[in-house]
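The whole structure should be built from the sequences, with the hints applied where relevant.
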Amino acid sequence: MKRKLRLVTWNVNGLRAVLQRLEQNLQQFLESLEADIICLQESKLTRSELDEELVRPPGFDAFYSFCRHRGGYSGVVTFVKSDLPTVAAEEGLTGLWKTKDNVGHVGSLHNEGEKGNPDARCDFFKWADNKGAKRPKTQ
Numbered sequence: 001m002k003r004k005l006r007l008v009t010w011n012v013n014g015l016r017a018v019l020q021r022l023e024q025n026l027q028q029f030l031e032s033l034e035a036d037i038i039c040l041q042e043s044k045l046t047r048s049e050l051d052e053e054l055v056r057p058p059g060f061d062a063f064y065s066f067c068r069h070r071g072g073y074s075g076v077v078t079f080v081k082s083d084l085p086t087v088a089a090e091e092g093l094t095g096l097w098k099t100k101d102n103v104g105h106v107g108s109l110h111n112e113g114e115k116g117n118p119d120a121r122c123d124f125f126k127w128a129d130n131k132g133a134k135r136p137k138t139q
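No gaps in the numbering here: position 96 of the sequence shown is 96 in my numbering, and each next residue is one more.
Where hints are given, some of them may not hold.
[To be verified] Each computed BS3-like pair below joins lysine-lysine, with the alpha-carbon atoms no more than 27 angstroms apart:
#1 K81 - K44
#2 K81 - K4
#3 K81 - K2
Derived by calculation from the structure, the hints in this document are not laboratory data. Nothing here was measured: the structure is a model prediction, and the numbers come from that model.
Written out as structure tokens, the structure reads:
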């Protein structure tokens with residue numbers, strides 16, 4: 001049986017501001033979207049602002065990319081349901097779509113930093129599971 005995948009993308013213009021406006025915590029917010037993959041742009045977070053709620057929302061893996069050029073500026077975060085296999089976590093365009101016989105198309109989900117400014121690079125970050133579970137390599 002084929003499973004339909006629901007993907008949501010949203011320029012939130014500040015993740016904490018959206019949570020405050022909606023009067024929800026992160027878990028409530030993610031569940032309300034009823035999506036398998038949630039891509040948020042302009043999260044406006046820095047690595048130092050991350051806490052347990054932001055990096056380990058129950059039922060999701062979190063992938064953050066921060067702007068190195070300007071703290072609290074831009075940034076993206078991708079939340080993927082924990083029951084979906086993560087094949088790779090990469091930043092930028094790293095290759096072409098691959099095809100496997102009898103499987104279909106396999107691709108990568110990418111977070112990109114600010115374009116047009118050579119000094120603005122983003123730091124890709126994926127919170128590791130503290131249970132010691134083996135995670136896919138970040139390239």
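Cross-check of the supplied hints:
1. Of the supplied pair hints, the one linking K81 and K44 holds, its CA atoms being roughly 22 angstroms apart against a limit of 27 angstroms.
2. Note on K81 and K4: the hinted pairing holds, with a Cα-Cα distance of about 13 angstroms set against a maximum of 27 angstroms.
3. A threshold of 27 angstroms between alpha carbons decides the hint, and for K81 with K2 the separation of about 17 angstroms falls inside it, so the pair holds.
In summary, the structure agrees with every hint in the numbered list given earlier.
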